[in-house]
Amino acid sequence: MVSFAVLSLCCSVKLFAEHSESGTMSSILQVQQYDRAIHIMAMLLIGFGFLMVFVRKYGRSALTATFLLVSVALPLYMAIKQLGIFEEKGEIEQLIFAEFGAASLLIAAGAILGRIKIFQYLILGLLFIPFYLLNELIVIDDYFHIVGKVADTGGSIVIHFFGALFGIAAAVSLTSKKDMEIPIQSDATTDKYSILGSMVLWVFWPSFCAALVPVEAIPHTVVNVFIALCGSTIATYVASIAIRKKVSIADIANAALAGGVAIGATCDFASHGQAMIIGAIAGIISTVGFAILQEKQQKFHKIIDTCGVSNLHGIPGIFGGLAAIVVVDGLDIPAQLKGIAITAAIAIIAGLLVGKLISLFGKPTEIYDDFAEFIDAE
Amino acid sequence: MVSFAVLSLCCSVKLFAEHSESGTMSSILQVQQYDRAIHIMAMLLIGFGFLMVFVRKYGRSALTATFLLVSVALPLYMAIKQLGIFEEKGEIEQLIFAEFGAASLLIAAGAILGRIKIFQYLILGLLFIPFYLLNELIVIDDYFHIVGKVADTGGSIVIHFFGALFGIAAAVSLTSKKDMEIPIQSDATTDKYSILGSMVLWVFWPSFCAALVPVEAIPHTVVNVFIALCGSTIATYVASIAIRKKVSIADIANAALAGGVAIGATCDFASHGQAMIIGAIAGIISTVGFAILQEKQQKFHKIIDTCGVSNLHGIPGIFGGLAAIVVVDGLDIPAQLKGIAITAAIAIIAGLLVGKLISLFGKPTEIYDDFAEFIDAE
Amino acid sequence: MVSFAVLSLCCSVKLFAEHSESGTMSSILQVQQYDRAIHIMAMLLIGFGFLMVFVRKYGRSALTATFLLVSVALPLYMAIKQLGIFEEKGEIEQLIFAEFGAASLLIAAGAILGRIKIFQYLILGLLFIPFYLLNELIVIDDYFHIVGKVADTGGSIVIHFFGALFGIAAAVSLTSKKDMEIPIQSDATTDKYSILGSMVLWVFWPSFCAALVPVEAIPHTVVNVFIALCGSTIATYVASIAIRKKVSIADIANAALAGGVAIGATCDFASHGQAMIIGAIAGIISTVGFAILQEKQQKFHKIIDTCGVSNLHGIPGIFGGLAAIVVVDGLDIPAQLKGIAITAAIAIIAGLLVGKLISLFGKPTEIYDDFAEFIDAE
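Line by line, the protein sequences give chains Z, F and C. Taking the numbering used here, the leading residue of the first sequence gets 1, the next gets one more, and so forth. Taking the numbering used here, the leading residue of the second sequence gets 1, the next gets one more, and so forth. Taking the numbering used here, the leading residue of the third sequence gets 1, the next gets one more, and so forth.
What the hints contain is simulated information worked out from the structure, not anything from laboratory work. Treat the hints with caution; some may be incorrect.
Because identical chains cannot be distinguished in the list, a pair is counted as satisfied if it fits within a single copy or across any two copies.
[Said to hold, decoys possible] The list that follows gives simulated cross-link-like pairs (lysine-lysine, PhoX-like), each with its CA atoms no further than 25 angstroms apart:
#1 Lys57 - Lys245
#2 Lys89 - Lys356
#3 Lys363 - Lys245
#4 Lys117 - Lys178
#5 Lys363 - Lys246
#6 Lys149 - Lys177
#7 Lys178 - Lys356
#8 Lys245 - Lys117
#9 Lys177 - Lys246
#10 Lys117 - Lys246
Please build the complete structure, drawing on both the sequences and the hints.
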């Protein structure tokens, strides 16, 4: 009897201890998510920001636009998420979802970079986030039960493909014929800034893909992402030489990242070998895009996609989404295809609409030029 | 009896296991603090360092000074802390406190940047840290029981406000009239370096504010800091346009960070809405400082505050300290005001004194110029 | 009886809970290692990459080479490690070991930077990694039981000293007399990039040294590394002035890091005071190397070691390895000396061999120049 009482006491003490311990445990896991959230923030501001500095005479605008886009996207996303439609989540998880939205927005902005006024980036952000959330609600949360389970842990489809398509659609509806005749100039100094941005994206990409992955799946996921990036980096160098005879530093800065874009959908499922193959193919596809398609595009359509987001995020994104069909055992293939199709539909319609709305607010006197809006510009 | 024995055994095994487990747990928490310590170190060297590169022809000196100031401050702070006056703390906690001191020192140095010789930065560091520690001892540790409990988790008062006031006081006592007639030049290339520094500070700021916050309070704290920074970034853009007609990239690089300065005092107490408001107000105040006061200052006082630390750290710092009165429930208001007043008094007296002492070691032949001290300078 | 049954149940429940809890615990520890792996990755790409940008007109090549070297080294190292000769380890541990190999490779490449074609960096990577692994197998794993226990937690010997010696040996066997007559030019803009690379290395160095240290030893280790870096930074400034009369920014960018190199072998054993001394001595040695030896080298041998890796990694590396004799209680001194000797032997033989092999693939038409291989180069 005594022993029983002691036992009960002992057990209840233990349960209490376990309770508070599991509280600490859960906080520790959240703080680990926070470390990844910080890595993603470095990608958003420093990575995307400096990758876009390659446009000559437009560096200040590109960096200011990056600051503003992120600063609009984060609070707006978190505010909408608290309206009650969405599942409640931890604050850090919320923050990471908001960062994903900001990443997609920066991709979209990359397509029209230099052809709108600075304050129009704010409007772009305000209009983009609701559509992005709508797509997330339909494709990832499957709120209306019309899609099923889509494999897209690192956002190949809903972040990269969505952002790229939205941006190109917006570019089509807001870029005038006259704008298209003005070439984009880059210069050698700014190229080093682009590589800096690119390296920041490369280094922290695994934290992007593994941001919300369960703790025990993180090691395999992050190693996969690094391997995919190694694959696309080497493939980009080889493809760049093969196509152009000489290396283009812009290919290296951009297409080297295509492995990160493409591995997103399958980063927690692929084997290391598959990750290498997906990365290498993405690097080749993307370099072909920059080295061949973009040259042709410039002939026929002139400039539409300032940063070439179709080549870095659009095509590698959809390739990654489709790669899941081969890689993920027991994948719901119709769901995956429906997810891609719905994402494409929403991105294009929303992009065309938002582009038109933005164009109502006027256009810059001089495109690709800091001078109009900054004091002391070069 | 047998069961009791087994029970005891079971419990004692468990206690032992728990003991070693809680040892691991405490190490895990320390390593998480370490991750934030690294983020802060990135702010100190890369953030502050490159933010100060905007002074034309003085980039090498600014970066070397940053290196030296950090390298003096960290070991000196840690050495003094081990003299026995202070509470003993974990090594990482000690390191973080030392980094806080280094941050305040870099802010102080920003005010006199370019007007002392390189080795005088070493002297500045040696003299600053003891006074900083004295203020910390009085205001934060309340060693003499004369202040009470001050709300200043992220250091709006004891780090930012102290550093800014110290720097301006030192500037007043060491800058000659002749120095004040020499304008500070900036150029477009270096502006991008400033933005790089600014972005590094922005991205890692939440780790600065949450460095020593208990694990379970970290999520709310870091989201607050990001929201405050978003608020000040957007407010800076709007205020910069409103005041100057065009955007100044220097406003963006600097005032966008004012939200981080101001949220420091209340980062773990404020609601997200309050964080947004504090950030936005800080951004406006700081931009007004850079765009209006500084222009006027240049007319009347000529150049005193090279980096405008009064506008970025001084005024937003005291604003953040006062905002606690509205935000923090049950705040000891007299303590908060006493904390601010004592910080101001120590900073001004120590700054005047240290400025005078530094001036005894001579002055540069040419101010704002790498040439005098570096080989192969531009 | 009942109580016994309940007890058993209670205990077995507890055991189960503990099992899954320790699973989470082990995952948490792995994710903490991952954070350090990311810091190291930032050092490899951004740190080493930008530190090598100081060669004028060769910036694009240096950054592209960095990308390629890392992208070859990581997967190759991990693939060889899975051949079955080596102990099985966690995926993140594997990744960190691979990053160590990549760091050593980048050091080696620094010696011959600018004097091979871009694709030859790929060949260098392919040939370097097997030799690096051989040395690791013999010296660290003591696979053949001929060495004993070597103290080299942070890789002073097997990473820095090995890489530097390999690189210089390779340089000797592939650099033509004509190459040696061409001076290396640096310019002021690129100097700021070098400092950026240097600062990234400085900030994240503690994560490099503590990457695989047990969780409870991390606080002491990382503080030691920071203190050693502070010591070498101040010592570098003082030595640079003392030797050259003016400061060389290249000394600051490079020798300031020597403390990190030298503390590697003893980072988890040294006291903070010892760390400061080791760092300061390393800074002086390294600055003497850059300021005196290198000038002389240029007279007698002309240019062999592009980035001065002998001065930053070679001499401070062996100094750090030898410092263990004084610092580490109960060190197996013959093992330590054997470790250094074997590392030197393998590095020199392998370097000479690999240099010769690389030279079979031709040489650049123009050395230290992006023009030959990049479109749109300056």
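We went through each hint and held it up to the structure:
1. Taking the shortest Cα distances, Lys57 and Lys245 sit within 25 angstroms of each other only across copies (20 angstroms), while inside one copy they are farther apart (29 angstroms).
2. When the C-alpha separation of Lys89 and Lys356 is checked against a cutoff of 25 angstroms, the pair qualifies neither within a copy, at 35 angstroms, nor between copies, at 55 angstroms.
3. In this assembly of identical chains, the alpha carbons of Lys363 and Lys245 lie at most 25 angstroms apart only when taken from different copies (17 angstroms versus 39 angstroms within one copy).
4. In the homo-oligomer, the alpha carbons of Lys117 and Lys178 lie at most 25 angstroms apart inside one protomer (16 angstroms), although the nearest pairing across protomers, at 42 angstroms, exceeds that limit.
5. Only between protomers do Lys363 and Lys246 lie at most 25 angstroms apart by alpha-carbon distance; the minimum there is 16 angstroms, versus 37 angstroms within a single protomer.
6. Taking identical chains as interchangeable, the C-alpha atoms of Lys149 and Lys177 are never at most 25 angstroms apart, the minima being 42 angstroms within one chain and 64 angstroms between chains.
7. In this assembly of identical chains, the alpha carbons of Lys178 and Lys356 lie at most 25 angstroms apart only when taken from the same copy (17 angstroms versus 57 angstroms across copies).
8. When the C-alpha separation of Lys245 and Lys117 is checked against a cutoff of 25 angstroms, the pair qualifies only between copies, where the shortest distance is 14 angstroms, while the shortest distance within a copy is 38 angstroms.
9. In this homomeric assembly, Lys177 and Lys246 never come within 25 angstroms of each other (Cα to Cα): the closest approach is 32 angstroms inside a single copy and 27 angstroms across copies.
10. In the homo-oligomer, the alpha carbons of Lys117 and Lys246 lie at most 25 angstroms apart only across protomers (12 angstroms), although the nearest pairing inside one protomer, at 36 angstroms, exceeds that limit.
Hint compliance for this structure: hints 2, 6 and 9 are not met, and every other hint is.
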